[in-house]
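Novice: Sequences are here, hints too, so could you generate the full structure?
Going by the working numbering, the sequence shown opens with residue 114, and the numbers climb by one from there.
Derived by calculation from the structure, the hints in this document are not laboratory data. On a predicted model such as this, the values are computed, not experimentally measured, just so you know. Even for Gly, the Cβ is constructed at its ideal location relative to N, Cα and C. Fair warning: there could be bad hints in the mix.
Stated by the list, open to error - Under the rule of at most 25 Å between Cα atoms (straight-line distance), these lysine to any residue pairs were calculated in the SDA-like manner: (1) 199 / 151; (2) 202 / 179; (3) 219 / 177; (4) 264 / 303.
To be verified - Derived DEER-like restraints, expressed as beta-carbon distance ranges: (5) 286 / 203: 37 to 47 Å; (6) 141 / 221: 27 to 37 Å; (7) 307 / 203: 36 to 46 Å; (8) 304 / 251: 33 to 43 Å; (9) 280 / 205: 30 to 40 Å; (10) 182 / 148: 18 to 28 Å; (11) 251 / 303: 34 to 44 Å; (12) 304 / 153: 17 to 27 Å; (13) 297 / 251: 14 to 24 Å.
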Amino acid sequence: MGILEDKGRARLFYKYLSKVYDQVNPFIWNEEMRAEALALLDIEQGDRVLDVGCGTGFGTEGLLQHTDDVHGLDQSVHQMEKAFQKFGKRDKVRFYRGDAERLPFKDDSFDVVWSSGSIEYWPNPVDALEEFRRVVKPGEQVLVVGPNYPKTTVMQKVADSIMLFYDEEEADRMFEEAGFEDVEHVLMGPSYDPDIAITTVARAPEE
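Specialist: This is the structure we're talking about:
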């Protein structure tokens, strides 16, 4: 387990990263990538969408282009304070402080669950994905963007020591273990590293 796959360390990390997150983020996760990921979903106006690990609201901003019923959850109050500055606490988006592995919502509460740049910090990713399946309506979609596993041995060792990096095979295992169907992956990234991120879209089983 990487050093940042610990909730306390991750919160401390984001306490400081939140100060520059919006300046650093475009080099790793930019608007073009966000638009490509959003195009994989069937979001309609009025759909109730949950953004897990919403951070400063970069993914949230994209979701608002498709529906006006967006809910954001994050464990870092420092990241969320940046999101509040953009959207207000309850104006455009309803925010919750919480844990991806214990979502504070009833079963079948959302039409879509989205999470970008968060899974790498989850100590138990399958537990969180099971929560996604619980709160999304039967037959509906979830989308998760995470860091693709490096190709070189040296970078793999570095990645493993920091946080969760994973490949398509591992993504298949996690999503299928969590009970999802129709699991598909798209690799994406900025021009300097077009495979830096792995985006997975899956569907909750029909009842």
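Novice: Hint by hint, which ones does the structure fall short of?
Specialist: The structure breaks none of the hints.
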